[in-house]
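S.K.: Line order of the protein sequences matches chains S and L. In terms of our numbering, the first sequence opens at residue 1172 and continues consecutively. In terms of our numbering, the second sequence opens at residue 86 and continues consecutively.
Here are the computed lysine to any residue pairs in the SDA-like style, where the Cα-Cα straight-line distance is at most 20 angstroms:
#, chain 1, residue 1, chain 2, residue 2
1, S, Lys1272, L, Arg154
2, L, Lys100, L, Glu170
3, S, Lys1280, S, Glu1186
4, S, Lys1272, L, Gly144
5, S, Lys1208, L, Gly127
6, S, Lys1280, S, Gln1209
7, S, Lys1193, S, Gly1226
8, S, Lys1280, S, Ser1189
9, S, Lys1265, L, Glu186
10, S, Lys1265, L, Gly144
11, S, Lys1213, L, Ser172
12, L, Lys100, L, Arg166
13, S, Lys1272, L, Pro140
14, S, Lys1208, L, Gln191
15, S, Lys1213, L, Gly125
16, L, Lys142, S, Asn1174
17, S, Lys1272, S, Asn1174
18, S, Lys1239, S, Asn1266
19, S, Lys1272, L, Ala181
20, S, Lys1280, L, Phe130
21, S, Lys1229, S, Leu1217
22, S, Lys1213, L, Ile111
23, L, Lys102, L, Asp148
24, S, Lys1193, S, Gln1282
25, S, Lys1242, S, Thr1274
26, S, Lys1208, L, Ser90
27, S, Lys1229, S, Ile1219
28, L, Lys142, L, His114
29, S, Lys1213, L, Lys96
30, S, Lys1208, L, Gly88
31, L, Lys96, S, Arg1214
32, S, Lys1193, S, Thr1240
33, S, Lys1280, L, Ala173
34, S, Lys1208, S, Asp1188
35, S, Lys1208, S, Asp1230
In case anyone wonders, no lab produced these hints; they're calculated from the structure.
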Amino acid sequence: GENVEQHPSTLSVQEGDSAVIKCTYSDSASNYFPWYKQELGKRPQLIIDIRSNVGEKKDQRIAVTLNKTAKHFSLHITETQPEDSAVYFCAASKNSGGYQKVTFGIGTKLQVIP
Amino acid sequence: GAGVSQSPSNKVTEKGKDVELRCDPISGHTALYWYRQSLGQGLEFLIYFQGNSAPDKSGLPSDRFSAERTGGSVSTLTIQRTQQEDSAVYLCASSAIMNTEAFFGQGTRLTVV
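Extracted from the complex, chain S is given alone in its bound form:
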């Protein structure tokens, strides 16, 4: 089955700096890569996603990149703010018997220091 690895497990940055979280996946058939943010005590929620026919996607201060050849994808957060502090999960998804099965990474705890 699919295996998603995520690095780093924890990340501390100064407010205003950039943060980068990296993930790799094993199954070349995966074609959808969502990122979820989980604030303390809350449920994970989708913040951005990318499909395999696109190399990069940006939404204000967050961007995702995808390298299908290397099976790498990354989340970039620029001009970090304290409210960006949360756990971020990457995921890879592929068709499995007509359904999409999502496999999550272990998560990255991001701390933005004011």
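Given chain S's structure and the hints, the job is docking chain L onto it.
M.R.: Chain L only, in chain S's frame:
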């Protein structure tokens, strides 16, 4: 419309008792996942239901854990003879066939004392 709903939101149980956790997915969503999240940890995959197909149970940690999904909708996760190490937040998520975003419930915080 309503999101994914889980009940109870909190459950305290004595060691050795059985517990049932419930998940109501978004109407029409055919895929349903259960995850376990220990304090400060990541998402541990437990089980995945996809339509009428046999579920993927590869993440269940022991035979004390089981799950059902009746009528392709509501799912129940059952933990028998609970142990203290079962204490965690149990999250349910659902997604549609073609729209692959997974929507999470608020979770059930299980405490085994």
